[in-house]
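With chain C fixed as given, assemble chain Z onto it according to the hints.
Residue numbers (our numbering), protein chains in the order written: chain C, 1 to 307; chain Z, 308 to 572.
Hints are computed from structural coordinates only; laboratory data are not their basis.
Quick caveat, the model's predicted, so the values are computed rather than measured.
Please note: incorrect hints may appear among the correct ones.
Stated by the list, open to error - A few chain C positions that, by computed beta-carbon distances, are all more than 12 Å from chain Z:
#1 Ala-178
#2 Met-186
#3 Arg-237
#4 Ile-258
Said to hold, decoys possible - Here are the simulated DSSO-like cross-link-like pairs (lysine-lysine), alpha carbons at most 30 Å apart as the crow flies:
#5 Z:Lys-384 to C:Lys-184
#6 Z:Lys-419 to C:Lys-244
#7 C:Lys-184 to Z:Lys-320
#8 C:Lys-244 to Z:Lys-427
#9 C:Lys-184 to Z:Lys-473
#10 C:Lys-184 to Z:Lys-419
#11 C:Lys-244 to Z:Lys-452
#12 C:Lys-184 to Z:Lys-452
#13 Z:Lys-452 to C:Lys-292
#14 Z:Lys-475 to C:Lys-184
#15 Z:Lys-369 to C:Lys-184
#16 C:Lys-184 to Z:Lys-387
#17 Z:Lys-431 to C:Lys-244
#18 Z:Lys-326 to C:Lys-184
Said to hold, decoys possible - These stretches of chain C come out as covered by chain Z in the derived footprint (C-beta under 8 Å, 3 or more residues):
#19 140-146
#20 154-167
From the three backbone atoms N, C-alpha and C, an ideal C-beta is built for every residue, glycine too.
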Amino acid sequence: MSGILVAMQGAVAQGILWGVMVLGVYITYRLLDIADLTVDGSFALGGCVCATLIINHGGNPIAALFAALAAGMLAGAVTGVLHTVLEIPAILAGILTQISLWSVNLRIMSGKSNLPLLKLETLISGVSGSLNVTQAQASMIVGIIIAALLVMVLYWFFGTELGSALRATGYNEDMIRALGVNTKNMKLLGLMLSNGLVSLSGALVCQHQKYADINMGRGAIVIGLAAIVIGEVLMGRLTNFACKLSSVVIGSAVYFLIRAIVLQLGLKTNDMNLFTAVFVALALSIPVLMGKWRARQAYSETGEEDV
Amino acid sequence: MLTITNVRKTFNKGTVNEKKALCGISLHLCPGDFVTVIGGNGAGKSTMLNMIAGVYPIDSGKIEIDGVNISREPEHKRAKYIGRVFQDPMRGTAAGMEIQENLALALRRGQKRGLSWGIKPNEKDFYREALTRLDLGLQTRMTSKVGLLSGGQRQALTLLMATLEKPKLLLLDEHTAALDPKTARKVLELTDEIIRERELTALMVTHNMKDAIQYGNRLIMMHEGRIIYDVAGEEKKKLQVEDLLKKFEEASGEEFANDRMMLAK
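Just chain C, with the same shape it has in the complex (with noise of 0.2 Å):
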C-alpha cells in the first residue's frame, strides 16, 4: 500500500513540474487562441539545454533553468517569425519549429540520444539533501514554489497594459488593431513566452527524472491538453484568473496522478498514448455533443405557450 502512495506522491511531483508546460500551453491555446506544436519539440529542448550544460560544462542548475528559458524563448520567436512575419499558418508553422528542434537537440546533446545526470547535482537534489526529504517531495516542493511564482508573474503581466493587450489579441484581433495595438508582435510576444514556459518545465522535469532524452516532449501538446481540460472541469466556475492559471497546474497534477493509478491498474505504458488522445478526444468533444444534444431535446413540434 506504501508502495502505491509513495508512486502517486511521485505522479503529483511530476504533474506539478509539468505543469509550468501547460502554463505555457495556457497562453497560446486559451488566451491567444493558437494551436502551438512547437511545443513538443521546446520541451525537449529544455531538457536537452539544461543537460548539457551541467553535464559538459559544469552549470550550475539554477542557471541551467534561466539558460532552458531563453532557449525556449528563442524557439517560440522562430515559430512567431514564420506565423507572423511569413504568415504561414500557426499549427505549420509550429510543426515546422518541432520538426527542426528534433535536429537542433540531437546538436545540442553532441549527437547522443540521451544524457543521464547520474550522481550530478541538481536543483531537487539539493533541496532533497538539504531539507532531509525524498526526492519526489523535494520535486513537489521545487514545483511548487516555482509554479506559484509563475502564477503571481503570469497574473500580475496579463493584467498590465501590454497584458491586457495580448488577451485582447486572442478574444478579437480586428478590435484590438483598430485600437493601435500590433497584433503580430503580441502573437510573437505569446508564443515566446508561452514555449520558454515549456521550456524551463522541460528542464526542471529534466533534473527531477535525471536525464534529458531527444524523445521527452513527444505528446506534451496532448498532455497540456488533457490538463488543461481537466483544471477548468475541476475549476471551471472560478473566473478570477488567478484562480484559471491555477486551475491548470492542479490540472497537470491530477492528469498524472490518473495515469499513475490507470498503470497501476494494468495499462502498459505504450498504450498511454492512445490513453490520453482518446480522453482529449473526448473531453473536447463531450461538450459539444452535449449541447446538440440538448437542443435536439428541447425541440417539440408544438411549442410551448409562453407564460
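Relative to the frame of chain C, chain Z by itself:
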C-alpha cells in the same frame, strides 16, 4: 482635417476577378464635418473607409490627416488618429473581457502600452460616468463580460470606445445595419449626440437615405468607385429622398435598381 487625393484601389489586379474598387477618389473634410456616405452595393463606400483606416494598402494616391501623410502607415499606427465602429457588433468589442477592460483598452488607443496596470483605479469613475451617459444601465455592470450584452448594447459600447479618447476622425461603417429598427434609431441618435458634443469629424456609411439626409452637415454619394455627388450645408438640408434617387440616375446613367436602397426609403 482629412484630405484624400486621387486614391485608387483595384482588387485582384490582372485576374478574371479584377475589381476596380476605387477609381481616383478625392475628398477633403473640414474639422467638425459629419459626412454621410451613400451608394449601392459595391460602390466602394466600405472600401473607402477601409483604405482610410489602413486595412488594405492603396495602389496610388495620398491620404493625409492634419497634414500628416498616413498613406503607407500600417493599420495599427493609424489608430492613433482614427476611431472606428464596424457593421458587425461582434467586431468592435472583446466578448471575453469585462466592460471596463474593454474601455481601458480603448482609452489607450494609439498609445504605447507598457507594464503599468491595465486599469488604473481612478479611471473607473470616468468609465462609470461615460457609461451612465449611454443610458443603457451598463454603469452598474462594469465587471460583466461584454459577451453578455445585446448587439445594440455592444454597438453603443463600441461607439463609446471609439470616442473615449477623442479621435481626429471617426469612421462609422454601416454601424446600425445589423440592429433592429428601434435599437438602430437609438444608436444613431447617440452617434449624432456624441459627434455634436465632442465636435468630432466623422464619415458615416449608411444604406438608409433618410438617415443620410437627416444626419450630418454634408452628404456624398458613391457609384462604381467614384464620388458622384457631394452636397453640404443649406442645399443638403433641403434634400428629399426623391432628389437623391434622381441624382443617382442622372450621374450613373442607369435605373436605380438596388433593392436595399429602395426599401430603405
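> Failing hints, ascending?
Replying inline: 1, 2 and 19
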